Every structure is written in C-alpha cells, then in structure tokens.
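Asks: The lines below spell out each chain.
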Amino acid sequence: MSANQQMAAKYKNNFLKEVEGQVEMGEWVKMCMQCGVCSGSCPTNFQSSWDHPPQEIFMMIRAGKREEVLTSKSMWMCTSCYNCIVRCPRKIPITHIMHGLANYAHRLGVAPKGQPTRAFSKLFWNNCINTGRVNELKLSLGLYFKNAEGKIDIVQGIKQGLAMQKVAIGLLLAKRLNPMEIFGGHKCKDQKGIHAMLKKANEIEDKRKALPQS
Amino acid sequence: MATKNYAFYPGCSSQKGASASNYLTSVESMCKTLDIQLTEIPDWNCCGASIGYGEAGELPRHVMNARNFALAETNLPGQDIVATCAACWLGAKESKERIEHSSQLLADTQEALKEAGLQIKVMPEIRHMAEVLVEDFGFEELGRHVKNPLKGLKFAGYVGCQTNRPFGIAGENFENPMYLDKIIETMGGEAVPYDQKVTCCGGALAFSEPEKAQAQIKDIVESAYDNGAEMIVTPCPLCQANVEIYQGHINNKYNTKFNIPVLYYSQLMTIAYGGSAKDAGLNGQVIRAPKLEAIAK
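Residue numbers (my numbering), protein chains in the order written: chain A, 40 to 253; chain B, 420 to 716.
Derived by calculation from the structure, the hints in this document are not laboratory data.
All of these numbers come straight from a predicted model, not from anything done at the bench.
Just to be clear, a hint being listed does not mean it is correct.
Estimated spans, in silico, between C-beta atoms of each pair [stated by the list, open to error]:
1. A:Ala-102 with B:Asn-646: 40 to 46 Å
2. B:Tyr-673 with A:Gly-148: 35 to 41 Å
3. A:Lys-49 with B:Ser-522: 41 to 47 Å
4. B:Glu-554 with A:Ala-235: 55 to 61 Å
5. A:Leu-201 with B:Asn-646: 31 to 37 Å
Covered by chain B, according to a simulated footprint, are these stretches of chain A (three or more residues, beta-carbon under 8 Å) [to be verified]:
6. 46 to 55
7. 77 to 87
8. 90 to 100
9. 105 to 113
10. 192 to 201
11. 225 to 238
So these bits of chain A aren't anywhere near chain B, every CB distance computed over 12 Å [claimed, not checked]:
12. Glu-63
13. Gln-73
14. Cys-74
15. Asn-165
16. Leu-178
17. Ser-179
18. Leu-210
19. Leu-216
20. Lys-248
Backbone N, C-alpha and C define an ideal beta-carbon position, used for all residues, glycine too.
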C-alpha cells in the first residue's frame, strides 16, 4: 500500500481527523465560521488562481473531500502574505494550514505533478540544507534548468535563461549575482551537525505523525 | 547614547555578493552612524524562508531557527537577535513563539539540537532592524544624525507583508502601517500616500509563478507612479528584488514604461546621514537612483 492509501485507511473516511492529526495547525480547521474574509483578502485568489479559495478548502475538509483537497493546486498559490491570518475573526493560522496541506499532499505523493511552486519549494529546501545557507546561483540554475518534475531540461533552461538575461546582467553588474558560486559560495562550517540535527528532526516528526516512510 | 550591541542574523540574501549585498552594505554604514555594534551569529544557518514548507515539514523548520537561537545565546549571551530580512525575522519569531508555547515542541527541538552539539538555555528576543530603529532609538534620535536631508525627494514607502503581518513593527496597525513613511520623513524626504503599501509582491511565486507575481508588482509600481513617487523604499530583500528586477518584463507584457528605483530604508538613511553613494550601496541597484546619487556626499 502506498503512503497515501495507508493514511486514507488509517483515518477511515474522517478527513477532518486526518487533517487534525497530520497537517500543521490542522486542529484549527473546525474553528472556521465560513465568513469568507480570507478568500476576499488573498492576493492570488484576487487573480482567480485558487480553484478552491481557503474558505472553500476548509469546508471541503469538513465535507470529507479528501482527494479534491489533496490533489488541488490551490494551496500552492499561497505567497505567505498573512493577509488572511490577520483578518480572520477566529484567528485561524490559515497560511500555515495551507502550507501544511500542501506539504502533506506532497509527502503522500498526491500533490499535482508539475506544480511549479511545489518544485521550487523542494529545490529551495534541498539547496539551503545542503551547506546550511542558500547558494543563490545554483538555486537559479535549478529553477531554470529543472522542469517542474525535477528533471533536467536543457532547452527549458536556455530559454528561461535567455528570457532573464537582462535581469541577470543587471544583477551581475550590481554585484548581486556571483557566478563563482558555482564552485561553492557561502556555507556553514558545521554542515555535519546541521545534517544530523535535521535527520533527527525528521525522525521525531515522522514518529509523532506515524507517517509511513515513502 | 551608549553603543547598542545586537546578535546579527543577516540571512542568506544579505551576504557579500548575494542578492541583497547592497542592503548589507547600507546597514553596516547606517549602524556606524548610530553606534550600533552588529556581531554576526557565528555559523548562522538559513531559516528556510517562507517557501521551505513544501519539502521541509514542521519540526525541521523550527529546528533550523532554533539552531540560530542556541548559537546566539551561547556566543553572544544577553544580546537580542536582529534580522534585516523580513522572512528570517518572521520565521524565527514564529518558531520562538511555538517553542515557548509547547513543551513538547521544546523537548523535540532540544533532542534534535543535541545532534549538533547545541541546546537552548535562554530564548533570545528576535527583532527586525526596522523594529530596533523605531523602538530602541525612536524617530527623534534617528533624526538627530541627519546631515544631508533628502529634501524634495518623493518616496513610496512600500512596507509589504512580512514586516507588517502578523507581528507588525512596534505594534502598528497592519492595514496602514506608518513606520516606513515616518522614517522617510525623518530623513527629510516626502512619503507619498498610495494604496498599494501593504500589497504582496508575490514573494517566492515570483520565481515559480512569475506571471501572477508580476501582475501584483505592476499594481504596486503603477500606484507609486500615479501618486507622484520618484522612488520606492522597502524593508524586505525579496520585495526589493521582485519590485525592481521585473519592471522590464512587466513593461513588455503590459506596455508600461516603468523604470523606478527600489531602495532599502537603510540606503536612504545612509545618504541622509552624510554617507556616500558607495557607503549606501547605491552601485548595487539594477535600476539606478540618480536623484539619490546626486544628493549623496
């Protein structure tokens, strides 16, 4: 059984319970009073980028729409602007729940394939934990040359690089882009310690959430 | 005023040669004038930023921030952590709140930190540089050092999201924060009122969903222009980059003619304090700011 199937079986059709147990700040979902201020305040929802705006997601969770929620690209539209959080009359940590749903779907392998923010988040995190600090050049190269499924696509890379060349030149001249970073760049000294620390953190979290190793 | 000492958390973008190195340069110059001693937290690590959530999970993110807390308290005991990056500040403050709120999270964090030879004994305070300026100095004191007021220059103070929500600087109202406008005015400039002051620049989606972010950025820049601003000022490295570097793309798509400089508050302050264009990192602008360069000593 896949991780997704295991989790579905474990929570036996009670998606709200699943979200409460597995998703960051999930226990707050039941506090939603459906006022809609979050959806009305969201800058990317303003551009109609959410198939299901946050208000709808909360109701869908309570209605047990497990597959629709987890496979949705909506949560990935969140820019962490916190507009929803500060205006929510119930003080629900909406930003974190959206991120938590996205992370959960990602770990279960059911988040939308080719979702660019999903790919970028993975790229960013793996980049920063590698040496403890972000290597901006490698991050940009990864962004251009890896497709949204994480595979190298030279043609895409060249196209995107060309489209951004004026920006790149501007940053190079401003000394805010360092081509030498390809050889290393800024890093922490205790990388071993950081890796060991994160390994332990992952172990503890997986155990707490009884998330099957995928 | 006696020297003020802080444990400095620059964040990944404010390193030499990185995307906010002009911010770093100007902060160092500004701190010289204000007699602020910033000591970098030894071996500080990335906070994971707002975008790390997809791959990271909860505890790993908190632990990354906690490592910085432990390093600060061990090496620079008693000093507040000061971050210049909005996301570093926000993320660290969130982790601090959650750890203080949950003994289980604290225990889990300590268990993970042990693997890196660290423990949290005392939780430091987490401040943003703008917060330090407003709370520890106050506008009157900040104004005392002005030698070269930015007279006649009109700025749009672009606060954005993360220094504003959810915590806010000095407890200000998040719908219309005034701290940046007040800094601009204290430096002798004019802060134009405009309606996109707290609109999101798109954040990390400027990388992954550029069209969506650029639509938001267009609104911000257009409003700044419409209300008479000659330059935009911001406290966030990602806002600065996003609002500055995509103006060419936005012009291509929307047939606009944007070419407005986007600066950090610390760059304005450095110039107003009598610093040179170099001290203020003005050579680090992708869209140059000739009006500011002209005033600089």
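Asks: All hints are to be evaluated individually against the structure, with a verdict given for each.
Replies: Structure-based check of each hint:
Range check, Ala-102 (chain A) to Asn-646 (chain B): Cβ separation about 45 Å, and the 40 to 46 Å hint holds. Between Tyr-673 (chain B) and Gly-148 (chain A), the C-beta spacing of about 38 Å keeps the proposed range 35 to 41 Å intact. Between Lys-49 (chain A) and Ser-522 (chain B) the Cβ separation comes to about 27 Å, which falls outside the hinted range of 41 to 47 Å. Under the hint 55 to 61 Å, the C-beta atoms of Glu-554 (chain B) and Ala-235 (chain A), about 37 Å apart, miss the expected range.
For Leu-201 (chain A) paired with Asn-646 (chain B), a C-beta distance near 35 Å keeps the hint of 31 to 37 Å intact. Judged by the Cβ-Cβ criterion of 8 Å, the stretch 46 to 55 of chain A is not covered by chain B as claimed, because only 0 of its residues qualify and three are needed. A stretch counts as covered by a chain when three or more of its residues have a beta carbon under 8 Å from one of that chain; for the stretch 77 to 87 of chain A and chain B the count is 3, and the coverage holds. Here's how the stretch 90 to 100 of chain A fares: 0 of its residues keep a CB closer than 8 Å to some CB of chain B, so the rule of at least three is not met and the hint is violated.
Counting residues of the stretch 105 to 113 of chain A whose CB falls under 8 Å from any CB of chain B gives 0; the rule of at least 3 is not met. Coverage of a stretch by a chain is defined here by at least three residues with a beta carbon nearer than 8 Å to that chain's beta carbons; for the stretch 192 to 201 of chain A and chain B the count is 0, and the condition is violated. Here the stretch 225 to 238 of chain A counts 10 residues with a CB under 8 Å from a CB of chain B, which clears the bar of 3, and the coverage holds. Here Glu-63 (chain A) does not stay apart from chain B, with its beta-carbon only about 5 Å from theirs, under the 12 Å limit.
In this structure Gln-73 (chain A) is separated from chain B by more than 12 Å, as the shortest Cβ-Cβ distance comes to about 21 Å. With a minimum CB-CB distance of about 17 Å to chain B, Cys-74 (chain A) clears the 12 Å threshold, and the non-interface call stands. With a least CB separation of 7 Å from chain B, Asn-165 (chain A) falls inside the 12 Å interface cut-off, contrary to its annotation. For Leu-178 (chain A), the non-interface assignment is contradicted: its Cβ lies about 8 Å from the closest Cβ of chain B, within the 12 Å cut-off.
At roughly 8 Å from the closest C-beta of chain B, the C-beta of Ser-179 (chain A) falls inside 12 Å, breaking its exclusion from the interface. Under the 12 Å C-beta cut-off, the non-interface status given to Leu-210 (chain A) relative to chain B is violated; the minimum distance is some 6 Å. With a cut of 12 Å on Cβ distances, Leu-216 (chain A) falls inside the contact zone with chain B, its closest approach being about 7 Å. The beta carbon of Lys-248 (chain A) sits about 9 Å from the closest Cβ of chain B, which is not more than 12 Å, so the claim that it is off the interface is violated.
Hint compliance for this structure: hints 3, 4, 6, 8, 9, 10, 12, 15, 16, 17, 18, 19, 20 are broken, all remaining hints hold.
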